[in-house]
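J.: Input sequences plus hints: build the corresponding full structure.
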Amino acid sequence: MEISKEQLLQIDKYMYACGIKFHDVRIEIVDHFANILEQKLVDNPGLNLEQEIIEIHKNFSDSGFSKLLKEKTKWVTKKFYKQTLKHFIAFFKLPKIIFSAATFYGLFLLMNEFGNKENFFNILQGVALLLSFRLLFNVNIRNTKKEQFLSINMTHSFFNVFYLLVMLFRFLDSQMLLNLLGGFYQIFHIGAYVLLFLFYWSGEYVYRQNKIEVQKQYPNILVS
Amino acid sequence: MGNQKLFKGSLQTIILKLLASNDKMYGYEITQKVKELTKGELQITEGALYPALHKLEADGLLDVEVAKVGNRMRKYYKLTESGTKETVNKLEEMQEFLKTMQQLVNPKFSLE
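Heads up: the protein sequence lines correspond to chains A and B, in order. Numbering (our numbering) for the first sequence: 1 to 224. Numbering (our numbering) for the second sequence: 1 to 112.
Accuracy of the hints is not assured; some may be wrong.
Here are the simulated DMTMM-like cross-link-like pairs (lysine to aspartate or glutamate), alpha carbons at most 25 Å apart as the crow flies [what the hints assert, rightly or not]:
{"no.": "1", "chain 1": "B", "residue 1": "K55", "chain 2": "A", "residue 2": "E71"}
{"no.": "2", "chain 1": "B", "residue 1": "K24", "chain 2": "B", "residue 2": "E81"}
{"no.": "3", "chain 1": "B", "residue 1": "K33", "chain 2": "A", "residue 2": "E113"}
{"no.": "4", "chain 1": "A", "residue 1": "K216", "chain 2": "B", "residue 2": "E36"}
{"no.": "5", "chain 1": "B", "residue 1": "K35", "chain 2": "A", "residue 2": "E38"}
{"no.": "6", "chain 1": "B", "residue 1": "K24", "chain 2": "A", "residue 2": "E38"}
{"no.": "7", "chain 1": "A", "residue 1": "K40", "chain 2": "B", "residue 2": "E36"}
Derived DEER-like restraints, expressed as beta-carbon distance ranges [to be verified]:
{"no.": "8", "chain 1": "A", "residue 1": "T103", "chain 2": "B", "residue 2": "K33", "range": "51 to 61 Å"}
{"no.": "9", "chain 1": "A", "residue 1": "L94", "chain 2": "B", "residue 2": "K78", "range": "35 to 45 Å"}
{"no.": "10", "chain 1": "B", "residue 1": "K78", "chain 2": "A", "residue 2": "Y205", "range": "26 to 36 Å"}
{"no.": "11", "chain 1": "B", "residue 1": "D23", "chain 2": "A", "residue 2": "L130", "range": "25 to 35 Å"}
{"no.": "12", "chain 1": "B", "residue 1": "V88", "chain 2": "A", "residue 2": "L130", "range": "53 to 63 Å"}
{"no.": "13", "chain 1": "A", "residue 1": "F88", "chain 2": "B", "residue 2": "S10", "range": "30 to 40 Å"}
Footprint (simulated), chain A over chain B, 3 or more residues, beta carbon under 8 Å [what the hints assert, rightly or not]:
{"no.": "14", "stretch": "22–28"}
{"no.": "15", "stretch": "38–50"}
{"no.": "16", "stretch": "71–80"}
I should point out that these hints are in silico values taken from the structure, not numbers from a laboratory. Just so you know, these numbers come straight off a predicted model, no measurement behind them. For every residue, glycine included, the Cβ atom is placed at its ideal position computed from N, Cα and C.
T.: Encoded structure:
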């Protein structure tokens, strides 16, 4: 006896209420509950679905879903870092290294065109802030209506490091650093900016690669 | 039902062995298959099965495939290439373990 769409929705809502908010974890458990319920419905077609869901949950494990969620998060995190490192290494191939060196040299030439160097670094700071806003928009606003996946969510969290770096970039303006580095201050500043930009770019690349992998597994779902 | 604690450390081997014998399986199917093969002697709890499956997946021993079955999605697990190799190793380990246990428990009669 196959469970109806409405009954599936009821199980799904129950899972969500129990804290399983990620789609990739939820579908597996919903299917598991549905299989047990289908078996029970054969024996007793009139059973109380709500009561039965609670009963299956009780028998799931001594700690309910908490152990599953903890373990799942642990293993997905492990896999995420492994994959991210793989993509990250794949990103830094020779063309990117040449591009970085060219960007560094280009910015250095551009800086020399500015009479007041402070204006030049203020513009760089402005661009870094714009990129931060773009990330903020992408991660927190545009994708809120789509299904959430644990691995993708981790990539989003990883972007928080970028905000931190933008703040650190602001710190480079400090007088203390200027005194410490002397004549190398401007070169150091441009170098830090190029690294910041590369970090942003590689983060986007890693995110896209991770998204492709999730999309391969879940072709019918909109991945945020 | 036998002592479940004795089976606990063998869960990964059991999963790998089942997947080696079947092309792909989903969680509930694994629990039912184990129940059927052991005539109810061993019942895998879901709370232990899914974390074990996720660990094997993270270790690259299992691959995942999601398919629409009826009106819902189902997550299937299958062995990767390294998963197939690991199954052979784990089964050999298990055979060795059983042999050792046999010698300890019943020194006069061994599996050999």
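J.: Work down the list of hints and note, for each, if the structure agrees.
T.: Consistency of the hints with the structure:
no.: 1; hint: B/K55 with A/E71; verdict: holds, 8 Å
no.: 2; hint: B/K24 with B/E81; verdict: holds, 14 Å
no.: 3; hint: B/K33 with A/E113; verdict: violated, 74 Å
no.: 4; hint: A/K216 with B/E36; verdict: violated, 33 Å
no.: 5; hint: B/K35 with A/E38; verdict: holds, 18 Å
no.: 6; hint: B/K24 with A/E38; verdict: holds, 21 Å
no.: 7; hint: A/K40 with B/E36; verdict: holds, 17 Å
no.: 8; hint: A/T103 with B/K33: 51 to 61 Å; verdict: holds, 57 Å
no.: 9; hint: A/L94 with B/K78: 35 to 45 Å; verdict: holds, 37 Å
no.: 10; hint: B/K78 with A/Y205: 26 to 36 Å; verdict: holds, 29 Å
no.: 11; hint: B/D23 with A/L130: 25 to 35 Å; verdict: violated, 51 Å
no.: 12; hint: B/V88 with A/L130: 53 to 63 Å; verdict: holds, 55 Å
no.: 13; hint: A/F88 with B/S10: 30 to 40 Å; verdict: holds, 37 Å
no.: 14; hint: 22–28; verdict: holds (count 3)
no.: 15; hint: 38–50; verdict: holds (count 5)
no.: 16; hint: 71–80; verdict: holds (count 5)
This entry does not satisfy hints 3, 4, 11, going by the numbered hints stated previously.
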